[in-house]
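For the protein sequence lines, the chains are A and B, in the order given. Counting with numbering that gives the first Met the number 0, you get residues 0 to 201 for the letters of the first sequence. Counting with numbering that gives the first Met the number 0, you get residues 0 to 235 for the letters of the second sequence.
Watch out, some of these pointers could steer you wrong.
To be verified - Below 25 Å or equal to it, Euclidean Cα-Cα: the simulated DSS-like pairs (lysine-lysine) are: (1) B:K111 <-> B:K84; (2) B:K2 <-> B:K37; (3) B:K133 <-> B:K114; (4) B:K2 <-> B:K84; (5) B:K114 <-> A:K59; (6) B:K2 <-> A:K119.
Since the hints were made in silico from the structure, they are not lab data.
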Amino acid sequence: MNKKETFLNGLFKENPTFVLLLGMCPTLAVTTGVIDAMGMGLATTFVLICSNIFISLLRKFIPETVRIAGYIVIIAGFVTIVEMLMNAYFPALAQSLGMYIPLIVVNCIILGRAEAFASKNGFLPSVLDGCGMGLGFTGALMIIATVRELLGAGSLFGLPILGGSGMSIMIMAPGAFFTLGIILAVINIISAKKKGGQEDAF
Amino acid sequence: MSKFTVALRLFIITSVTAVFLAFAYKVTAPITEANNQKTFQESLREVLPLAKEFKQIDPGSFEDETVTINSINVGYAGAEATDLKGYVVTATSSEGYGGDVCVMVGVDPSYKVNKVIISSPFSETPGLGANAKKPAFLDQFIGKGGNIEVVKGEAKGDKQISAISSATITSKAVTACVNASIEVIKATSQKTAAAAEEIKLVAEEKVDQSNAELDAALENRKDEPTPVIKEDDGNE
Numbered sequence: 000m001n002k003k004e005t006f007l008n009g010l011f012k013e014n015p016t017f018v019l020l021l022g023m024c025p026t027l028a029v030t031t032g033v034i035d036a037m038g039m040g041l042a043t044t045f046v047l048i049c050s051n052i053f054i055s056l057l058r059k060f061i062p063e064t065v066r067i068a069g070y071i072v073i074i075a076g077f078v079t080i081v082e083m084l085m086n087a088y089f090p091a092l093a094q095s096l097g098m099y100i101p102l103i104v105v106n107c108i109i110l111g112r113a114e115a116f117a118s119k120n121g122f123l124p125s126v127l128d129g130c131g132m133g134l135g136f137t138g139a140l141m142i143i144a145t146v147r148e149l150l151g152a153g154s155l156f157g158l159p160i161l162g163g164s165g166m167s168i169m170i171m172a173p174g175a176f177f178t179l180g181i182i183l184a185v186i187n188i189i190s191a192k193k194k195g196g197q198e199d200a201f
Numbered sequence: 000m001s002k003f004t005v006a007l008r009l010f011i012i013t014s015v016t017a018v019f020l021a022f023a024y025k026v027t028a029p030i031t032e033a034n035n036q037k038t039f040q041e042s043l044r045e046v047l048p049l050a051k052e053f054k055q056i057d058p059g060s061f062e063d064e065t066v067t068i069n070s071i072n073v074g075y076a077g078a079e080a081t082d083l084k085g086y087v088v089t090a091t092s093s094e095g096y097g098g099d100v101c102v103m104v105g106v107d108p109s110y111k112v113n114k115v116i117i118s119s120p121f122s123e124t125p126g127l128g129a130n131a132k133k134p135a136f137l138d139q140f141i142g143k144g145g146n147i148e149v150v151k152g153e154a155k156g157d158k159q160i161s162a163i164s165s166a167t168i169t170s171k172a173v174t175a176c177v178n179a180s181i182e183v184i185k186a187t188s189q190k191t192a193a194a195a196e197e198i199k200l201v202a203e204e205k206v207d208q209s210n211a212e213l214d215a216a217l218e219n220r221k222d223e224p225t226p227v228i229k230e231d232d233g234n235e
């Protein structure tokens with residue numbers, strides 16, 4: 000796998016949300032508005048890149064048998080330090096991301112990439128994988144959030160469009176499942192059709 | 000790798016992480032605390048712009064099923080404690096949709112709401128309960144004087160505000176905080192007024208007492224046989 004493929008892998012072929020179905024909790028919870036989705040996605044991307052760097056650098060040091068415990072300690076410690084620094088030096092940013100930061104610790108995409116990629120690869124590929132996966136996650140969240148915010152609140156990026164009101168069920172939990180289900184169905188139809196023609200698609 | 004090495008390495012990982020955490024905490028904690036203080040002071044000025052100086056007073060014990068009073072600050076226009084501009088109360092309701100709802104209420108000396116803002120913690124649903132942060136909802140409280148009721152649809156009179164659509168629980172939690180804040184201010188200022196009254200009464204009593212003592216003394220003096228000065232008019 001070359002560098003470009005490593006990066007694009009997370010965006011499309013192994014998109015964490017739509018293909019791997021990882022990190023469903025934030026996918027359902029933080030997609031009520033596009034701005035929130037983008038904040039969560041970018042915060043996750045940042046943590047993912049950094050945790051991939053740490054894990055890939057320490058991959059020879061962390062013993063095989065206790066690797067999961069090692070990953071969790073490193074990721075949780077790292078996220079907590081990021082949170083403390085943000086509270087101290089960027090209080091406005093910390094306020095708007097609020098509770099997402101601690102939630103990132105338990106995001107299974109981070110642990111998943113540490114286990115599946117960073118622990119087996121060097122520094123640069125791990126960075127690229129973190130970028131690709133993080134942006135793939137951000138994009139997926141923003142797609143779902145666009146649908147939900149548009150239909151549920153009648154706005155986009157917090158600006159009122161479509162008269163500024165909508166079906167509140169789309170903002171609430173059922174709307175998240177509807178949107179995710181329909182998007183997954185569409186993706187599956189497309190990839191099934193492409194598989195009929197050529198092997199290597201989406 | 001022997002079991003000992005495995006344990007040792009895991010121990011090193013956790014220890015190093017702990018050292019980093021402790022260091023980061025030591026560096027950031029005072030800054031974070033200062034930030035929080037600054038934000039709090041700024042919020043105080045936002046809800047009560049006329050006041051320049053704030054003095055925190057004891058919130059006392061406030062009895063309510065759902066609302067807790069966290070702090071009361073009395074706002075003055077200057078350093079002199081005479082020019083009262085109002086009160087700022089922070090109150091938390093446990094009856095939000097997503098947990099606690101924390102509100103800061105500025106109340107003027109005539110017990111009317113000056114301004115309400117949402118502070119943290121506040122984790123209501125974005126797009127629904129979180130609309131409580133918008134001026135469209137919060138500005139309804141301005142000028143109201145307690146016992147406010149939440150209604151669905153159009154609000155009438157100065158005792159009603161209209162709920163955020165599909166977020167009545169959040170609306171009620173915020174309103175409960177505002178009502179409780181006004182109540183606690185009334186109670187507190189009555190208490191201080193009562194205390195002042197008491198001091199006055201005691202003082203008056205003392206005055207009365209000393210007057211009575213004086214009277215008694217005078218009375219005693221009267222009772223005493225007045226030394227009769229016999230005028231010796233030798234010219235009789």
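Structure-based check of each hint:
| no. | hint | verdict |
| --- | --- | --- |
| 1 | B:K111 <-> B:K84 | 12 Å, holds |
| 2 | B:K2 <-> B:K37 | 51 Å, violated |
| 3 | B:K133 <-> B:K114 | 13 Å, holds |
| 4 | B:K2 <-> B:K84 | 70 Å, violated |
| 5 | B:K114 <-> A:K59 | 59 Å, violated |
| 6 | B:K2 <-> A:K119 | 22 Å, holds |
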